[in-house]
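> The residues making up each chain are set out below.
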Amino acid sequence: KAGVTQTPRYLIKTRGQQVTLSCSPISGHRSVSWYQQTPGQGLQFLFEYFSETQRNKGNFPGRFSGRQFSNSRSEMNVSTLELGDSALYLCASSLWPYNEQFFGPGTRLTVL
Amino acid sequence: QKEVEQDPGPLSVPEGAIVSLNCTYSNSAFQYFMWYRQYSRKGPELLMYTYSSGNKEDGRFTAQVDKSSKYISLFIRDSQPSDSATYLCAMNPYTNAGKSTFGDGTTLTVKP
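So the sequences go chain by chain: A and B. So for the first sequence, my numbering puts the first residue at 1273; every next one is plus one. So for the second sequence, my numbering puts the first residue at 589; every next one is plus one.
Calculated from the structure, these hints are not laboratory results. It should be emphasised that the depicted structure is a prediction, and the values quoted were computed from it without experimental measurement. All residues carry an ideal CB built from backbone N, CA and C; glycine is no exception.
Restricting the straight-line Cα-Cα distance to at most 25 Å, the calculated cross-link-like pairs of lysine to any residue (SDA-like) are:
1. Lys590(B) <-> Asn1328(A)
2. Lys655(B) <-> Ser608(B)
3. Lys687(B) <-> Ser1358(A)
4. Lys630(B) <-> Glu603(B)
5. Lys590(B) <-> Asp692(B)
6. Lys655(B) <-> Arg625(B)
7. Lys630(B) <-> Phe1332(A)
8. Lys687(B) <-> Arg1339(A)
9. Lys687(B) <-> Leu1381(A)
10. Lys630(B) <-> Thr695(B)
11. Lys630(B) <-> Gly1275(A)
12. Lys644(B) <-> Gln619(B)
13. Lys1285(A) <-> Thr1310(A)
14. Lys687(B) <-> Gly1312(A)
15. Lys699(B) <-> Ala605(B)
16. Lys644(B) <-> Glu1372(A)
17. Lys658(B) <-> Gln1316(A)
18. Lys699(B) <-> Ser661(B)
19. Lys687(B) <-> Gln1326(A)
20. Lys658(B) <-> Gly1314(A)
21. Lys687(B) <-> Thr638(B)
22. Lys590(B) <-> Gly1356(A)
23. Lys658(B) <-> Gly1330(A)
24. Lys1329(A) <-> Gln589(B)
25. Lys658(B) <-> Asp692(B)
26. Lys1329(A) <-> Thr638(B)
27. Lys630(B) <-> Glu1372(A)
28. Lys655(B) <-> Asn1371(A)
29. Lys644(B) <-> Ser614(B)
30. Lys630(B) <-> Phe1374(A)
Here are a few chain A residues that face chain B, going by a calculated C-beta distance under 10 Å:
31. Gly1275
32. Ser1303
33. Gly1314
34. Phe1317
35. Tyr1321
36. Asn1328
37. Gln1373
38. Gly1376
Same shape as in the complex, but just chain B (with noise of 0.2 Å):
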């Protein structure tokens, strides 16, 4: 079993629509919790760094944590064609801060 489980997709959305994007991980050792925004042939883009549970919220997207239940989402209001990409979440340990591990990713594709 991978320690980071994350919604296969692909996810479709029309233009506006909210979207939500989850993770779940099974390591209790997981503090810091990122988003990263991937477009093809690029590298990931952080989007969201958090690591306590609860909200945070920058701009259109709102990152949300749950350490309890061991998930976390990213939401995307008012989506935007621009916003068609990969998503991945990535977390890690406080021991291990430069050692993320990922999630397998999310293609979203926002309709005009």
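Looking at chain A on its own, in the form it has when it is part of the complex (with noise of 0.2 Å):
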């Protein structure tokens, strides 16, 4: 079974631009979240759809916002890019929002 693909694995963009990043979940699940590592804050949960709703929404600003399709690929988009959103952003994947989640490979972000 394929594992969570995400695209693309890396984007360099300029400040005040936007960005949408692609997830596809592993075949038959139906929740996925997203995650923005850096290493001075770590790993921080963004927000979470299951059956193309938002569940759940971590503290980020407006700027970042997510959507989930009917097949259960997810996007998020960031608009206004600020050199600090410069992060690997992570997507991973469950079969229903109480079971282990599985990360993709992630897409790296640049913002110069």
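Reassemble the complex: the two chains are provided individually, in unrelated frames, and hints are given to aid placement.
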């Protein structure tokens, strides 16, 4: 069974631009969560989607948004990029919200 | 104070040693406990998942949970150079199981 896939793997953007990241969960998994990983803050929860509905949201500004499609694929968007948004963005999927999460390889975003 | 505190490391051990990695937590609502291994520039890989106090063994890995003390551990027996990575503990509450809170990670180096 294929794992979680994330595209693109690497991105370089400039301040003020916006970016969209994509995540395809493991086949059959319906819950998708997004995390931001930085050296200073570690892994921080962004949001979680289940059956196209956002169930949870972390403490990030409104510039960070996401959505989930009927096939469970998910996207997250960051508008008006700031230097501090440079990070590894990780997507994790699980069968149901109460099951273990499996991570994708991440998208490394660099904001210049 | 962080909800999850992880022994910071780094740890350096000789091949074949027993490794102990530890986390404490303050939120009594945490019910699910996970250990992930993360190699440099990769996504976290799920090693162990448990939701009850006691020990769970999988090959060379043993996860231990003590809910009364709010303490979890991961033991690695017969450590190998390929175990060199950053280990992350993670946990989440039953009501928000898709929202994991992570420790900051412990970097382990196993020397041949």
